[in-house]
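Visitor: If you want the building blocks of each chain, they are given just below.
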Amino acid sequence: MNLQPILVESVCQATAQVFSTMLGVEVARGEITTEDGSQDANDGVVSFIGLAGAWAGTGSLSCSPVLACRVCATMLMCEAASVNEDVLDAVAELTNMIIGSVKTDLETHLGPLGLSIPTVVFGRNFKTKSAGANEWTVARFQWEDETLQVRICLAPSGRSSHVMLHPGGTQTCALEI
Amino acid sequence: MESDVLVVDDSAAIRKILQRVLRQTGMAIRTIHEAGNGEEALDVMNAHKVDLVLTDINMPKMDGLQFLAAVKASAEWRQVPVVMITTEGGETKVSEAVKLGAAGYVRKPFTADQIKEKLVRILAPAVAL
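Quick mapping for you: the protein sequence lines, in order, are chains Z and X.
Whatever position you read off the first sequence (first residue = 1), add 405 for this note's numbering.
Whatever position you read off the second sequence (first residue = 1), add 16 for this note's numbering.
If you're looking for bench data, these hints aren't it; they were derived computationally from the structure.
The structure displayed is predicted, hence computed values, not measured ones.
We put the CB at the ideal spot given by N, CA and C, even for glycine.
Fair warning: there could be bad hints in the mix.
Said to hold, decoys possible - Far from chain Z, by Cβ distances over 12 Å, these chain X residues were calculated:
1. Ala29
2. Ile30
3. Ile45
4. Val60
5. Ala63
6. Thr103
7. Thr108
8. Ala119
9. Arg123
As the list claims (entries may be wrong) - Simulated DEER-style distance windows between Cβ atoms:
10. X:Met17 with Z:Gly435: 44 to 54 Å
11. X:Thr108 with Z:Glu431: 31 to 41 Å
12. X:Gln130 with Z:Ile437: 21 to 31 Å
13. X:Thr47 with Z:Lys532: 42 to 52 Å
As the list claims (entries may be wrong) - Which residues of chain Z face chain X? A few of them, derived with a C-beta cut under 10 Å, are:
14. Gln422
15. Met482
16. Cys483
17. Glu484
18. Ala486
19. Val488
20. Gly505
21. Thr509
22. Val526
23. Gly528
24. Phe531
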């Protein structure tokens with residue numbers, strides 16, 4: 406089964422719906438790529454949420470401090486001049502809703518999946534790595550002059566008798582799926 | 017008659033949004049209490065008379081389903097309507113919540129109208145709207 410198109414469509418729909426419903430904003434769909442785990446250094450806000458089940462992985466959202474503050478101000482209808490608790494919380498909840506919606510879509514194909522509590526990081530020049538994640542599907546969205554990245558990696562976890570193998574028969578390929 | 021409402025979510029952002037939405041519904045609300053997980057929610061219910069609960073499912077310490085089970089197991093609280101508001105859209109969680117006695121279910125992301133519609137439809141006999 407080729408999960409990639411389903412995943413991409415689900416991420417795009419979920420992101421558009423969450424922004425439209427919770428913020429009243431239409432985000433523009435940008436470039437979609439597949440990348441390895443070696444990410445460049447980050448500046449800004451990055452949130453993570455874990456997915457577990459017959460397939461396991463991580464969903465992530467990253468953006469600039471400016472965009473994070475804008476998300477918070479629009480979502481909570483309050484001032485957000487700098488990245489504070491409210492801003493981190495708003496980004497965490499945005500991640501929870503977007504990846505939660507993708508999880509629900511994927512359950513049709515992959516069976517029940519669990520969702521962890523999100524974690525948010527804010528800083529400069531930091532690197533992130535998800536152990537075992539080989540390939541990330543990265544979808545970019547534009548809100549005015551700022552870019553939001555939604556990243557997701559998923560691979561068979563080998564924890565279930567319903568694990569789906571890719572055509573090669575091994576379980577080492579994330580999203581070949 | 018004014019109602020006391022309890023909003024349970026580990027996200028302060030969602031608690032703020034739900035407070036705003038509840039005020040917009042036109043419900044006669046006296047107080048909106050907040051809790052960050054099921055354990056805190058039970059503490060609030062022990063300290064205050066609550067007429068309606070809106071709760072997330074996916075929370076640390078005690079999740080929404082465990083909290084719902086505790087409410088429905090209590091002779092004192094079992095009549096209090098509990099509405100699940102969560103990203104968990106899977107059939108398993110929904111049917112588990114229904115089986116445990118949830119009064120309704122709203123999926124995140126939500127609009128103010130969706131919350132209002134749900135509350136009007138399922139809670140009108142129980143609380144002042």
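Visitor: Check each numbered hint from earlier against the structure, then list the numbers of those it violates in ascending order.
Guide: 1, 2, 6, 7, 9, 17, 18, 19, 22, 23, 24
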